[in-house]
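Residues per chain are reported as follows:
Number of protein chains: 4
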Amino acid sequence: MRLFRLPKSGGIDALQPAEVDVPRPVRGQVLVRMRAASLNYRDLLVARGSIPRGAGLANLVPLSDGAGEVVEIGPDVTRFRVGERVAGIVMQSWLAGTIGLRDRASTLGSAIDGVLAEYVRFEEDGLVPLPQHLTFEEAACLPCAALTAWQALFCARPLLPGQSVLLQGLGGVAVFALQFAHAAGARVIVLSASRERLDHALAMGAAEVVNYAETPEWQESVLTLTGGRGVDHVLELGGPGTLQRSLEACRIGGVVHLIGMADGQAIDPAAILSREVTLRGVFAGSREMFDAMNRAIAYLALQPEIDRVFPFAETRTAYRHLESQLNVGKVVIRFD
Amino acid sequence: MRLFRLPKSGGIDALQPAEVDVPRPVRGQVLVRMRAASLNYRDLLVARGSIPRGAGLANLVPLSDGAGEVVEIGPDVTRFRVGERVAGIVMQSWLAGTIGLRDRASTLGSAIDGVLAEYVRFEEDGLVPLPQHLTFEEAACLPCAALTAWQALFCARPLLPGQSVLLQGLGGVAVFALQFAHAAGARVIVLSASRERLDHALAMGAAEVVNYAETPEWQESVLTLTGGRGVDHVLELGGPGTLQRSLEACRIGGVVHLIGMADGQAIDPAAILSREVTLRGVFAGSREMFDAMNRAIAYLALQPEIDRVFPFAETRTAYRHLESQLNVGKVVIRFD
Amino acid sequence: MRLFRLPKSGGIDALQPAEVDVPRPVRGQVLVRMRAASLNYRDLLVARGSIPRGAGLANLVPLSDGAGEVVEIGPDVTRFRVGERVAGIVMQSWLAGTIGLRDRASTLGSAIDGVLAEYVRFEEDGLVPLPQHLTFEEAACLPCAALTAWQALFCARPLLPGQSVLLQGLGGVAVFALQFAHAAGARVIVLSASRERLDHALAMGAAEVVNYAETPEWQESVLTLTGGRGVDHVLELGGPGTLQRSLEACRIGGVVHLIGMADGQAIDPAAILSREVTLRGVFAGSREMFDAMNRAIAYLALQPEIDRVFPFAETRTAYRHLESQLNVGKVVIRFD
Amino acid sequence: MRLFRLPKSGGIDALQPAEVDVPRPVRGQVLVRMRAASLNYRDLLVARGSIPRGAGLANLVPLSDGAGEVVEIGPDVTRFRVGERVAGIVMQSWLAGTIGLRDRASTLGSAIDGVLAEYVRFEEDGLVPLPQHLTFEEAACLPCAALTAWQALFCARPLLPGQSVLLQGLGGVAVFALQFAHAAGARVIVLSASRERLDHALAMGAAEVVNYAETPEWQESVLTLTGGRGVDHVLELGGPGTLQRSLEACRIGGVVHLIGMADGQAIDPAAILSREVTLRGVFAGSREMFDAMNRAIAYLALQPEIDRVFPFAETRTAYRHLESQLNVGKVVIRFD
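Protein chains in written order, with this note's numbering: chain A, 27 to 362; chain B, 27 to 362; chain C, 27 to 362; chain D, 27 to 362.
Think of the hints as simulated: they come from the structure by calculation, not from any bench. As the structure is a prediction and not an experimental result, all values here were calculated from the model. Treat the hints with care, as some may be off.
Unchecked claim - 25 angstroms max Cα-Cα, derived SDA-like pairs, lysine to any residue: (1) K34/C x L299/B; (2) K34/B x S300/C; (3) K34/C x A84/B; (4) K34/B x A339/B; (5) K34/A x S76/A.
Unchecked claim - Pulled from the structure, derived: some chain B residues nowhere near chain D, Cβ distances all over 10 angstroms: (6) Y145; (7) S312; (8) F336; (9) T341.
No residue lacks a Cβ here, since even glycine has one placed at the ideal position from N, Cα and C.
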């Protein structure tokens, strides 16, 4: 079988294809023939060495998000059968409840080997079944991007109909958040510097858009749009200097979900205190959240938005494409 | 001005019109010219004497739900201006947070005089502004029926997209619950004995319907429809013998919202324990909930469903119509 | 090794000792040398056949609660080492989050074989480490009785300092609830017909006691003690006719935790609706709750209250003792 | 009657006594003879002009925290009688539920005139009754310092027995938090540079202390004390550079309550994201929270810790004393 490995240095250029034996599942394990994977901004940080990798993983198999089908099961496996379509959970050990001390150490594609391989052996607990209406390419978009959006919107202080959400840009997480929030009856405001993207956001159901190229003090526009109240939720997806404005665009007592890797960005905590805002870090989610999200995606027949699909052999080009930040929606790799 | 009074005995037939002076608002009060009121099943119980009334209210002004416009304000009123369109909160003192010990004692139309009067004097804290797109007749449907549905669905364990809700019938509360749950991306199952009502429910967005005339063991159908899982929420609106089945149709760990006055209906608590179900009594809601609901109604441009509007003079006929239980949606009285 | 088996009929008298081979742990499993077990009221119901057992378990190994030490681990076990002291979780598959559809089917001592055996093989996920200061006899009391009390008090609407809790009797769950609630700064009211037990409750930290033999309308006493407000939480542990009074003793908007197997007891739902009470079924809890509880027990050095310890050979006598309902605290079996 | 006024500039030195007429309560109002007030760090910021004051309040009556007795009530007042002992709520309009858009504009001693006056006229909704066992001096400590500690610990994610809390220093908020958390069965770790204060913390029930003068990398000590887990809650009371360390001392998924005015302190949001921490601004609380706290204080007979009491005439000296930051517990002013 083929896979890609990422040495400790060298970045995207260092990504190397390799050929290894197909592993066999033992008790409690499931062997998955991967059919598609998707890229997240986080994967760029892993390639750059900004996110630490697990001990001993000098040549890491990258990527956390992928989908495929079960081709073999080990003894005593009860949750899956051969032929079922599945996706892996980003943090393999976070099954339900609050995140545990060691769950970060089970992150695919950084703490442990990831899914950029034709066959991956999972513990059966680390998989979820796919919504039936999705292709493998579409399902490969869910584990990190969709679940981060879902956790932010529905798992701490659930978004209610009529509440307002501010999204930054139209990257992978933002597009899912727009779909979820719109389906939940909430009012979505999208921020971007691109007229084309803002039109796209409106077509997808955004109630209002703000062009920050035209309105650098965009937090003022958000306050105006909400009658001076501010939005109930902000998904902080993080360009330079956005967090401070996000705090100001949030209503008294509202929530800012910190998702983007806003490296080294300093904030003035007074903005948190004077508005009694909650700022919370959000990354992926538990299997229980994943199952709940999949029920919503299935019932609502939501369609993940794919920007572009690259063949397995062109993985490096796919990384480069994500790096350009020109994508709307997800960048996907197809295992032929 | 004209109003109706309800003596302690005699039921609906005893409802009497009367003519009194228009009251004047003092400090902190607002005088409202009522334009419409709506009836709830609860008002029939008040008329029958099944719900106790406040001390000294031998001739109660009935009804809790009404809408009108502010015609005069007392000194120091800050929340409203003359000309604003408003509705009263069912429990006048429940402003926010958890219900208080004495809030039940501030219930319009039973504990204190209600809104079946051409002019009503409110404390300014006891009112909310109306969503702009609603007529007075439509807005008069909100205080009890809509807010009970809202509280059930969104205020204890908020309904998420993709979750399932079972509704019984298509009375006032059920129709609002269907609209809210559908707008929130949830899957609604409606139970009724009328083919016509079930068709109407499907047209309004219900995902599935169950005819309990054809399927007396309807809890089995609900389990089948949900793959054996049961629904996340049940709104128990209560005919005879329904509660026990509702508990069985609810998923392990789910919630049954007890709303209907299921007089004297006994249940076997074992059904609660073996499914770890939560059974909670729900009646109207706080002003904070009312404002949140109105934001949703306004943003989504939801349209309350009115079964029939009666002129003020035909109030008794309106009561009789509600008593027939033939209504789909709300029974409204218009103040000409 | 020795164990006890419970045939489908014959009740406690039918309990039979047997001798079988010690099982060996495979991948992911842990072999535990059981040192003590404890009895719950539920075990009497299993013996009577009132609680269904898993398919094929004609001769069930009974009991859900036990503690012991790890004597062997299978390959890839990471959570435990040989020599560690552990207890099993009642529902082996409920690890965290909300209870799942199939978790009931993993209940030790009814759905699957239990812990009344000298050696038990567990999946490693089905165990928790013990608080260090507890003996095996003490730790064997935790899985069902203590965790049910913990879940009721802290896992849906956490009990706050100064809030009030009503407990019925001084059985296994009630004694733990008294210890937890007292340690949490809450005001505990204990109900019993025995002057001796009430004195004991006061000595353990109860703020007030009510003797229902002297005060059959004990809900009135509870209302008086709380200034007419009612208690924030009731643990309904269930003698005949208690649930209706519990609903009346609960404050408007409070919670009644239904724990005891109050067979066939009918209630009038009007009491739930008119007080907007939440009635929830509670049984044991997840591993995440168990770990949180153990941190509290360890930090506070809480001491489970054992009524009496029986040797393994006298298991039937232990069952009889629990059946007498004369115990204060837990009935324990020691594996010599 | 006498009061103090604070001009817009000049700081503490500019505080001026004045003599004005006693106001009379109108409908819904209560006249309170103030008996004691207490100072908060926030009052220093008001005096320095760092916190904006309400429009038109060129000569503000300062201070938010005070206690006294009702000496006259206006018409229709129902919540209080003459002779009752009361305290004002810091944000007069925040009665219950989530904080509202305009509640900050009702803050005593900054947005509106405060309590440093012999008589203060309140709306009846803006007061709570005092726990009976407290003196006026003690009760004057509650509105801001105690309620901020209470809101942090019990109102978003309630602190459970056995959970851990990190407190910084032993100022007004920290001492209350220590008392509340200890009474709730939680494990308290106190951070200070003073050996004497750390001893005092241990005497008050702290489980562990860390001297940051000896251990500048104190977050490492906190992690060690908690077995590498980190604490469940941090009360960030804010010296320079503490927030970043607080984020690191907090467990994965834990909460840092931002309370102190950590002016201009920059943080690296990566610490929030990588530990999935929630950072929330906390200031005082609603009347509903105040009542709940007072029930706890009354039941537990908690004694606010007063550092020193100054007579009314020496108000400026009291401010200076707080400014020195040498106090342990609260600085109080007594109205003779």
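Now for the hints, and whether the structure bears them out:
1. K34/C x L299/B: It holds: about 23 angstroms lies between the C-alpha atoms, which stays within 25 angstroms.
2. K34/B x S300/C: With a Cα-Cα distance of about 21 angstroms, the restraint between K34/B and S300/C holds, given a limit of 25 angstroms.
3. K34/C x A84/B: With Cα atoms ~63 angstroms apart, K34/C and A84/B exceed 25 angstroms; violated.
4. K34/B x A339/B: holds (21 angstroms)
5. K34/A x S76/A: holds (11 angstroms)
6. Y145: holds (20 angstroms)
7. S312: Contrary to the label, S312/B does not stay out of reach of chain D, its closest Cβ about 7 angstroms off (not over 10 angstroms).
8. F336: Given a closest Cβ separation of 35 angstroms, the condition holds.
9. T341: Label holds. Min Cβ-Cβ 31 angstroms, cutoff 10 angstroms.
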